[in-house]
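Respectively, the protein sequence lines represent chains A and B. So the first sequence is numbered by the working numbering: it starts at 132 and just counts up by one. So the second sequence is numbered by the working numbering: it starts at 850 and just counts up by one.
Watch out, some of these pointers could steer you wrong.
Claimed, not checked - In silico EDC-like pairs for lysine to aspartate or glutamate, Cα to Cα no more than 16 Å straight-line: (1) LYS895/B x ASP314/A; (2) LYS859/B x GLU886/B; (3) LYS864/B x GLU915/B; (4) LYS858/B x GLU886/B; (5) LYS858/B x GLU910/B; (6) LYS895/B x GLU276/A; (7) LYS895/B x GLU280/A; (8) LYS864/B x GLU854/B; (9) LYS887/B x GLU854/B.
Think of the hints as simulated: they come from the structure by calculation, not from any bench. It should be emphasised that the depicted structure is a prediction, and the values quoted were computed from it without experimental measurement.
The residues making up each chain are set out below.
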Amino acid sequence: MKKRKFVAVVLAGVVCLALMLASSWYSVTFNESRLVVPMNFSEYVFRIQDLPMICSISLFCLYFLYLSVLLIKGIIKNQINQPNGRYTRKINPKLGYLGFLGLTGFLGFWTYSIDKTFFPFLFFIFFGFFGFFYEGKMSGTLMDEMYRENQLKASAKANRISLAIIFLALIILGQGRIMVSLDFTLIAFVIAVTLAIALSLFLSQYLLYCYDHSEQDAESGE
Amino acid sequence: MPDFECNLKKFRQLKGMTQEQLAVQVGVRRETIMRLEKAQYNPSLKLAIDISRAVGAPIEEIFIFE
């Protein structure tokens, strides 16, 4: 993506977010928080004051759809540019910052305290995106037999560690004696499993990078 | 670490090739050739044969397993 287009996409996102915040403020201040707080849509009747919120939600959905289209187009373009799949995909190491999205998993504590919803804990899985940092560093690498061997070795080790964590969590939490209620046990188990999967996603990239860039290779040997 | 001796560097230099040239010829990365020369990587039979043909030396003289 060209820098100009990237800036335009980010700006559009900022505008969408600003409009959403402004319409939410309007709804909370002048429209009894309609479409902001959960409401029963079976009894919904349209009011002209709902329009800002409806517009900003539609705009946000359109923006999200546009981002999805961009992502799919990028993936297809990458596949076309890499004949026979002999090279690793080209991605920017800065995508590793997406790993911070894993912090949204903490929203689970808030949603659980409000309406017992615990699915946001699943967002801890986004910590796995930190692996993009190492995958990006190995962008466009020829996948020869040594690379593939290292890849298998790395993913096997990452999966083994992840499985061990899940197994331990199952043994410890499954007894039901540590947490005071079944709900907390379930939450702790969901957190343990999602973090283990995130760790596996990250480790498979990190270990591959380590195996491929071991210290011995620093010297050229020419 | 694989337990073998590798004479690839000697045969490559005799042939007047760089690691990069050999890597391109056999379809691997330069890092793979570097590790092979240090006997840190055990190649597949196909790669060993490709290397043997590229440097023009018998496979058993390039890779010596005790």
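Now the hints, each set against the structure:
Straight-line distance between C-alpha atoms of LYS895/B and ASP314/A comes to about 56 Å, which puts the hinted pair past the 16 Å bound. Taking the CA atoms of LYS859/B and GLU886/B, the gap is near 9 Å; set against the 16 Å cutoff, the hint holds. Of the supplied pair hints, the one linking LYS864/B and GLU915/B is violated, its CA atoms being roughly 26 Å apart against a limit of 16 Å. With a C-alpha separation of about 6 Å, the suggested pair LYS858/B and GLU886/B falls inside the 16 Å cut-off, and the hint holds.
The straight-line distance between the Cα atoms of LYS858/B and GLU910/B is roughly 12 Å, inside the 16 Å bound, and the hint therefore holds. Annotation: proposed proximity of LYS895/B to GLU276/A holds, straight-line Cα distance about 10 Å (limit 16 Å). Restraint check for LYS895/B and GLU280/A: satisfied, since their Cα atoms lie roughly 15 Å apart, inside the 16 Å limit. In summary, the hint linking LYS864/B to GLU854/B is not supported, as the alpha carbons are separated by about 19 Å, beyond the 16 Å threshold.
The suggested pairing of LYS887/B with GLU854/B holds, with an alpha-carbon distance near 8 Å, which does not exceed 16 Å.
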